Every structure is written in C-alpha cells, then in structure tokens.
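Colleague: Per the numbering used here, the very first residue in the sequence shown carries number 22; after that it's consecutive.
Honestly, the hints are just simulated from the structure, not real lab data.
Incorrect hints may have been included.
Stated by the list, open to error - The calculated SDA-like cross-link candidates involving lysine to any residue, where the alpha carbons are at most 20 Å apart (straight line), are:
no. : residue 1 : residue 2
1   : Lys142    : Gln195
2   : Lys142    : Thr75
3   : Lys142    : Ala81
4   : Lys142    : Trp160
5   : Lys142    : Glu167
6   : Lys192    : Ala208
7   : Lys192    : Tyr106
8   : Lys222    : Ala35
9   : Lys94     : Glu53
In this text the structure is predicted, and so the values were computed from the model without any measurement.
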Amino acid sequence: MYVPTHFAVADPAASHRLIAENAFGELVTVDETGAPFASHLPFLLDAGRGPQGTLVAHMARANPQWRHFAAGKPVLAIFHGPHAYVSPAWYATHPAVPTWNYVAVHAYGVPRIVEDASAVKDILGRLVDANEAANGTAWRMGGLSEPYLAGMLRGIVAFEMPIDRLEGKAKLSQNRDATDQAQVAAALEQSADPTARATAKAMRAPPT
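Using the sequences plus the hints, can you model the full thing?
Modeller: Here it is in structure tokens:
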C-alpha cells in the first residue's frame with residue numbers, strides 16, 4: 022500500500038484497534054497461475070499472539086482459496102475503516118481538487134490451516150461470541166446438536182495467520198492546513214451518512 026509519511030499509522034496498537042472495530046475484511050491470495058483471488062471474511066484478532074498479532078478466520082471448504090495456502094506464500098488481509106468524499110467547496114485555500122479521506126490497514130502473513138476439530142470449534146465459538154456481543158444478542162453455539170455441528174464443521178476450513186507486517190494508513194487531510202482540516206471535519210459532521218460522520222470523528226483524533 023502506498024503510505025506517505027504524513028498518513029502513516031506507526032503504532033501497531035492503533036492498527037489493531039481498527040482491525041478489531043472493522044473485522045469483516047478481504048483476504049487476497051494468488052492461485053497457481055499467479056491470478057489474484059479474494060474472499061470477504063469475518064476475522065478475529067489475537068493481538069497478543071506473535072510480535073504483530075495473529076488473525077483467525079474460516080471459509081467454506083467449497084471455496085478454493087484455502088488451497089492457495091499450500092504454497093506457503095504471504096497473503097494479504099485488508100480492513101477498511103471510515104471513509105468519505107471530500108469536496109474542495111469545504112476548503113478555505115484554493116485552488117483545490119476533490120479527494121477521499123479514509124482509514125485502512127493491510128496485514129500480511131503466511132496462513133496455516135487449523136486441523137484439530139476442537140480448535141476449529143473453539144475458533145467458531147469465539148467468532149460467534151464476539152459478533153453476538155457486538156450485535157447485542159446472546160445466541161450461543163452450545164444450543165446446536167453435536168451431529169448438526171459436526172456437519173457444519175466438515176463444511177469449513179479454519180486458519181490462522183500470524184501477522185508478519187502491518188501497514189496502517191489514515192488519510193485524513195493531514196496535508197491541508199488547520200483551517201481546511203477543521204472545515205472538512207465540520208462539514209462531514211453534518212452529513213446524513215454515518216460513515217462520513219465517523220470519518221469526521223477520526224479526523225478529530227487521527228490514529229498515529
């Protein structure tokens with residue numbers, strides 16, 4: 022990812038927070054021909070496992086992407102934070118052109134398939150618990166019958182990806198002067214779009 026110095030998020034903890042808050046990411050691999058392949062997956066982050074943390078997820082066994090892991094090559098997981106269009110009409114300084122403000126994290130690592138059935142079950146349970154809590158609901162896997170759950174487990178492939186490299190980018194008008202930054206944030210705060218308002222919030226306290 023192209024990350025100019027003034028947009029870089031240097032603190033791994035800040036990148037970890039963005040992943041945890043925006044855990045539905047894209048996993049990008051290349052197949053045996055070198056063609057890119059992407060899947061949209063919910064992830065869990067074990068921030069304390071390994072120097073940069075470890076991502077945990079699963080995909081359908083029918084999805085061919087997990088077979089790309091056999092090559093032992095690094096893959097890319099992408100996580101998107103808030104983002105919004107920025108109009109030059111909001112600037113005090115002219116001439117100017119439109120741009121887009123956004124926050125994103127790229128995580129790189131070599132994934133490994135989790136084979137142990139109890140470990141796979143644990144991964145699923147943790148994913149469910151994390152997302153049920155975020156949703157304000159309380160469904161638990163424990164209510165499923167063992168035969169049903171065993172069938173579901175056979176239909177997925179779980180994996181872990183120790184993060185070898187993190188790239189965080191927060192492009193939030195840091196290249197504009199303080200007046201322009203304040204006017205952009207104020208304009209986004211008035212938007213009906215919650216994502217734009219979230220971008221304004223990030224501008225007021227950018228990750229570093």
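Colleague: So, for every hint listed, does it hold in this structure?
Modeller: Each hint tested on the structure:
no. : hint              : result
1   : Lys142 <-> Gln195 : 44 Å, violated
2   : Lys142 <-> Thr75  : 18 Å, holds
3   : Lys142 <-> Ala81  : 14 Å, holds
4   : Lys142 <-> Trp160 : 15 Å, holds
5   : Lys142 <-> Glu167 : 11 Å, holds
6   : Lys192 <-> Ala208 : 17 Å, holds
7   : Lys192 <-> Tyr106 : 12 Å, holds
8   : Lys222 <-> Ala35  : 15 Å, holds
9   : Lys94 <-> Glu53   : 11 Å, holds
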